[in-house]
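Kindly produce the complete structure, drawing on both the sequences and the hints.
Protein chains in written order, with my numbering: chain R, 1 to 150; chain C, 1001 to 1375.
If you're looking for bench data, these hints aren't it; they were derived computationally from the structure.
Among the hints, erroneous ones may be present.
A short list of chain C residues far from chain R (calculated; beta carbon distances all over 12 Å) [stated by the list, open to error]:
id, residue
1, H1072
2, G1136
3, A1143
4, V1235
Here's a subset of chain C near chain R, in silico, CB distances under 8 Å, partners left out [to be verified]:
id, residue
5, G1114
6, P1118
7, T1131
8, A1144
9, L1194
10, D1197
11, R1238
12, S1242
Cβ-to-Cβ under 8 Å is the rule here; a few derived chain R residues that face chain C [unchecked claim]:
id, residue
13, S17
14, S56
15, H61
Quick reminder that beta carbons are idealized off the backbone N, C-alpha and C, glycines included.
Listed here are the chains, written in short residue letters.
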Amino acid sequence: MEEAPKTQEEAGTPAGSIPASRCACGTVTAPPAPHCPECGGPMAPDTLPAVGEILSYTILHSPPAGFAAPLPIALVELVGGVKFLCHGHAEQVGRYRIGRQVAIEAVDGIYYFSTMTLRERIALFWRRRGEAEEKVRSVLRSVFRRSRRP
Amino acid sequence: MPGIYVAGVGCTRFGRLEAPLLALLAEAAQQALTDAGIEEPDLIVVGTMNPEEFTGDGTLAPLFASFLGRAHTPAFRVETGTSSGAAAFFAAASAIAGGFARTALVVAGEKMTGLATPRVAEILSRMIDPTERRYGATMPALAAIVTRAYARAHHLDPEDLALIPVKNHRNGARNPLAHFQAEITVEDVLGSRLIADPLRLYEVCPISDGAAATVLTAERRPVRVAGMGQGSDHVALRHRRSLTSFRATQEAARRAYAMAGLGPKAIQVAEVHDAFTPFELINMEDLGLAEAGKAVRALLNGETALEGRLPVNPSGGLKARGHPVGASGLAQIVEIVWQLRGQAGSRQVRESRVGLAQSIGGLSSVNWVTILARD
Ligand SMILES: [Zn+2]
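Next comes the structure, spelled out in structure tokens:
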């Protein structure tokens, strides 16, 4: 009997995947790069599961212009040892530990790691989806109203 | 290879200074030329990181040569970020070794305090990989990430790491040129505000003005350039092999030791790049002055204090002497020369014949090691 395809949840990639790039020499980078940082060769598109382990982190109290303090920044080790720099959520800093498993997801093109439990992540996923649907509905409503203007 | 000798050295006071950049460079240069007894060097090499943005000065080498009244002396500028002073020294020494010059003036400096701190931080952050900068990574942020990884790997407490700025301020209090000349306590360090957790204010170097200079010659003098080496690594922290050591220092040290025909055991005094003070321990290990994870033991035992077995940063280091970024790599070399000559006043270490200076460019992407010996 054929196995049913695994959902993302079952495959261990609850928050999806991260775009990456792979070189013939074996080097993988995320975010993707056109040229290999190790050998300079061309890199092909790849993806990595958006989960990893905190290698180290800081909470920046004097962030540069355009960022609010405190700003958590971590270097997260993804599958295969790829190191990935991303933001954390300020309200979770008490839960940060080196070696802690985290999920990574993009918000407006910026990657955030999250120490949330699976249940919390699912709740957040549905909330975001709800917000997205609400946005679509409001756009449709305004288009509809405009189309009815005399 | 013909010998390369340090004939003269000079250094301005470091700190928040009134004088413009060119005047600071000239003050250090005149001291070094007078000290060397050389009036007309064949070559002038200038080391600065970013005078274009810090002070609005450009094409600094001919500008400085003219300021010094040497408009017709060949002059060029070298830049490797925060290690520019050491890079300028390397370039001038290479010219002497290659026979392109018999004497060379190396002068390095920076004038940073004319700008507000956020603007200085922004200029310094140009040394960071653009992708990582986009995430708000600053030099202290990346240094904090390295510090946390290092402290965790070797089970170091904040109290252990706080002893580094305490030691370096103690040395700086004996250095009349230092930016900070007051001693501090472990409580001061641990009570200072967090800049980038776990790094606190007293673990981060200040923003300073200042300049240093050396005169090099092919003629025999008491202090010789025994070894020089450079090492490079990825600018991006995420591409580094290790978070608890710096490959660029290891490679620079390997080359410098090979040229000198010496090993780490020969080093009697060292100036290392402690812009973020926990890096002093990482640097010692990368230089082979301590085994991986063991540098803290030398610190706790007082071995790296002025009167210890291997004094580290007798000048006060970047932390207490200050860090006018372009100047620091050369100021370290000047300090080693003073120590080898026995001219370091109340911070003089016991009689030494071999000293080492290590300078970090960026977050350890372009580092230099220079070994000096008194014959
Ligand atoms: Zn490659």
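Hint check:
1. H1072: Non-interface label stands for H1072 of chain C: nearest chain R Cβ at 42 Å, farther than 12 Å.
2. G1136: violated, 4 Å
3. A1143: The claim breaks: A1143 of chain C does not keep its Cβ more than 12 Å from every Cβ of chain R (closest is about 9 Å).
4. V1235: Incorrect as stated: the minimum Cβ-Cβ distance to chain R is 9 Å, not above 12 Å.
5. G1114: It is violated, given that the least Cβ distance between G1114 of chain C and chain R is near 19 Å, above 8 Å.
6. P1118: holds, 6 Å
7. T1131: holds, 6 Å
8. A1144: OK, holds: A1144 of chain C within 8 Å of chain R, min 4 Å.
9. L1194: OK, holds: L1194 of chain C within 8 Å of chain R, min 5 Å.
10. D1197: Given a least distance of 4 Å, the restraint on D1197 of chain C holds.
11. R1238: Since the shortest Cβ distance to chain R is 4 Å, the answer is holds.
12. S1242: violated, 11 Å
13. S17: violated, 18 Å
14. S56: Where the cut-off is 8 Å and the nearest Cβ of chain C is about 4 Å from S56 of chain R, the hint holds.
15. H61: Holds. Min distance 5 Å.
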